[in-house]
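Please build the complete structure, drawing on both the sequences and the hints.
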Amino acid sequence: MSANELPVTDGAAVAPLHTSIHGDGPAGQDHGGEGVWGRAWRTLRKNPVAIIGGVIVAVFVLVAIFAPWLAPYGGTELPGRDEVRPTMIPGPSAEYPLGLDRYGGDVLSKLIWGARASLLVGVLSTLFGLTGGLLLGLLAGWFGKWVDFAIMRLVDLMLSVPSLLLAVSIAAIAGQSSMAVIVAIGVVQIPIFARLLRGSMLAQKGQDYVLAASALGLTRRSVTMSHVLPNSVGPVIVQATLSLATAVIEAAALSFLGLGGGEPSTAEWGRMLTAAQQELAVAPRLAILPGICIAVTALGFTLVGESLREALDPRNRTRR
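Oh and the sequence shown: position 134 is 118 in my numbering, straight run, nothing missing.
What the hints contain is simulated information worked out from the structure, not anything from laboratory work.
Here a beta-carbon is modelled for each residue, glycine too, at the ideal position from N, C-alpha and C.
Keep in mind that a hint or two might mislead.
Claimed, not checked - Pairwise CB distance ranges (calculated):
1. Leu200 x Phe50: 48 to 54 Å
2. Pro81 x Trp25: 25 to 31 Å
3. Leu111 x Val43: 18 to 24 Å
4. Leu111 x Lys30: 36 to 42 Å
5. Gly242 x Pro56: 23 to 29 Å
Stated by the list, open to error - Straight-line Cα separation of at most 20 Å, SDA-like style, residue types lysine to any residue; simulated pairs:
6. Lys189 x Thr203
7. Lys30 x Ile49
8. Lys189 x Asp132
9. Lys189 x Ser206
10. Lys189 x Val217
11. Lys129 x Leu148
12. Lys189 x Phe127
13. Lys30 x Glu294
14. Lys30 x Val47
15. Lys129 x Val194
16. Lys189 x Met209
17. Lys129 x Ala42
18. Lys129 x Leu119
19. Lys129 x Gly190
And the structure:
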């Protein structure tokens, strides 16, 4: 289990996010009538760590969205290929603020287009893993018994394999393409979300509001979908935020290993690191710049995820 994964055991106690912390008042509200998510948002706005992380993520997303307007050149353009020499790679200049790479591409443009590629892979792979994990976790928490046993043993098997090794194996089998990277990273995240949701649902099943709903004659399906599931997804949402950071790093790692597809000059941060290996002595900036982009982006998602986890922690709420 990586540092970004939320520790959840089969019987872990998870406070319901849609019920009162003190046991009274409307669902999802405290004594002041404020929803738990509303109170978490108010806490996040006062948390400098959350603000820093939010700014980093916002800049990353905006750069990715507006890449066609921000980048001086296209992601596949090589405007300076005639200026590159075997023993010399032009550095920063007025025309190329961050210099050129070995292929004659504008480094600034490639970093900007690389943000879009990383965002696409990170979001789609996390959505893939979240969807699969929610499905398996819901089935295990809903049916229980042998269904729960079978799904959890499959999850244990997947978790027993190092995540990067599993992702590399899946990407190698699926082929060298961006879609293969998305599937590989998403599959690695499925058991994390599944176990987290299943443990949260098991904790919710013993709550008084669930017993009361069952005593009123509601069906198990109605109780699960209307009460247990909504109160169990909070930790999963937090983990999804943290998983975005992991997805960006793993996408870069797979591209660095040559499993992301595309040409060596592709505008993608991991691919840029691969191409820069042979140029470390001549132009170390070609490796430093994409490495900084990967680290800062992952840091932003991590800060947001950790701050959100602290804001939703019932122990922190009762102290305020």
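Comparing the hints with the structure gives:
no. : hint                       : in the structure
1   : Leu200 x Phe50: 48 to 54 Å : holds, 52 Å
2   : Pro81 x Trp25: 25 to 31 Å  : violated, 38 Å
3   : Leu111 x Val43: 18 to 24 Å : holds, 22 Å
4   : Leu111 x Lys30: 36 to 42 Å : violated, 30 Å
5   : Gly242 x Pro56: 23 to 29 Å : holds, 28 Å
6   : Lys189 x Thr203            : holds, 14 Å
7   : Lys30 x Ile49              : violated, 27 Å
8   : Lys189 x Asp132            : holds, 14 Å
9   : Lys189 x Ser206            : holds, 13 Å
10  : Lys189 x Val217            : holds, 14 Å
11  : Lys129 x Leu148            : violated, 31 Å
12  : Lys189 x Phe127            : holds, 12 Å
13  : Lys30 x Glu294             : holds, 13 Å
14  : Lys30 x Val47              : violated, 26 Å
15  : Lys129 x Val194            : holds, 19 Å
16  : Lys189 x Met209            : holds, 12 Å
17  : Lys129 x Ala42             : violated, 44 Å
18  : Lys129 x Leu119            : holds, 17 Å
19  : Lys129 x Gly190            : holds, 16 Å
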